[in-house]
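Could you build all of it, start to finish, from the sequences and the hints given here?
One line per chain: the protein sequences are A and B, in this order.
Converting from the first sequence to this note's numbering requires adding 1 to each position, the first position being numbered 1.
Converting from the second sequence to this note's numbering requires adding 11 to each position, the first position being numbered 1.
Not one of these hints is a red herring.
Computed, partial: chain B to chain A, Cβ under 7 angstroms:
#	residue
1	53
2	54
3	56
4	59
5	110
6	111
7	112
8	113
Source of the hints: derived by calculation from the structure; they are not laboratory data.
Quick caveat: nothing in here was measured; it's all calculated off a predicted structure.
Positions of the beta carbon are idealized from the N, C-alpha and C atoms, including for glycine.
Take a look at the letters that make up each chain.
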Amino acid sequence: IAGITQAPTSQILAAGRRMTLRCTQDMRHNAMYWYRQDLGLGLRLIHYSNTAGTTGKGEVPDGYSVSRANTDDFPLTLASAVPSQTSVYFCASSDGSGGYNEQFFGPGTRLTVL
Amino acid sequence: GQNIDQPTEMTATEGAIVQINCTYQTSGFNGLFWYQQHAGEAPTFLSYNVLDGLEEKGRFSSFLSRSKGYSYLLLKELQMKDSASYLCAVRDRDYKLSFGAGTTVTVRA
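Printed below as a string of structure tokens:
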């Protein structure tokens with residue numbers, strides 16, 4: 002593994018189903034983030050975690066939950082998917098130790114809820 | 012929160028220069044980033060400004076004026092591979108990013 006990986010790459014899901022998007026990073030970054038990207042709206046923050054064991058709500062958290070049991074993994078769960086959650090989901094991480102502290106993004110998961 | 016505006020689309024000719032403007036209103040400014048995103052791919056980091064002035068990195072430069080809530084990304088000597096979306100993002104004091112909707116740049120031969 003190099004950088005951030007996300008799984009699955011794409012998924013078609015029936016409304017009402019539960020779905021977990023996986024995100025793993027091997028850079029030992031403290032902070033991790035989940036975004037959704039929709040045409041014309043740009044990237045919007047769903048949830049974030051500044052360090053293992055802590056999480057926070059972003060701009061659009063409703064219908065989503067996260068956990069951060071360890072440094073490397075940050076799964077995003079849709080408890081009961083709805084069509085408005087059709088989007089491309091990006092996971093990102095940053096090291097939070099100064100410098101630019103830029104975020105590095107995973108390749109994304111394209112989710113379609115029917 | 013943050014309110015970030017940038018143009019939706021720009022078109023330029025190979026070898027030319029293009030300037031992408033970004034204006035923002037913020038409740039707590041802690042840096043401005045520019046990311047590049049090719050279609051179907053993840054955003055990748057281009058530049059960072061936290062103090063007023065110009066930062067130059069090869070063919071790309073980024074400028075910031077904190078008092079005006081304004082930044083621009085300058086792309087020089089445009090190449091076909093520069094066709095992409097360019098995302099302006101403002102960081103707050105909690106280190107969270109807010110993104111503009113992105114500017115799609117099309118480079119024509």
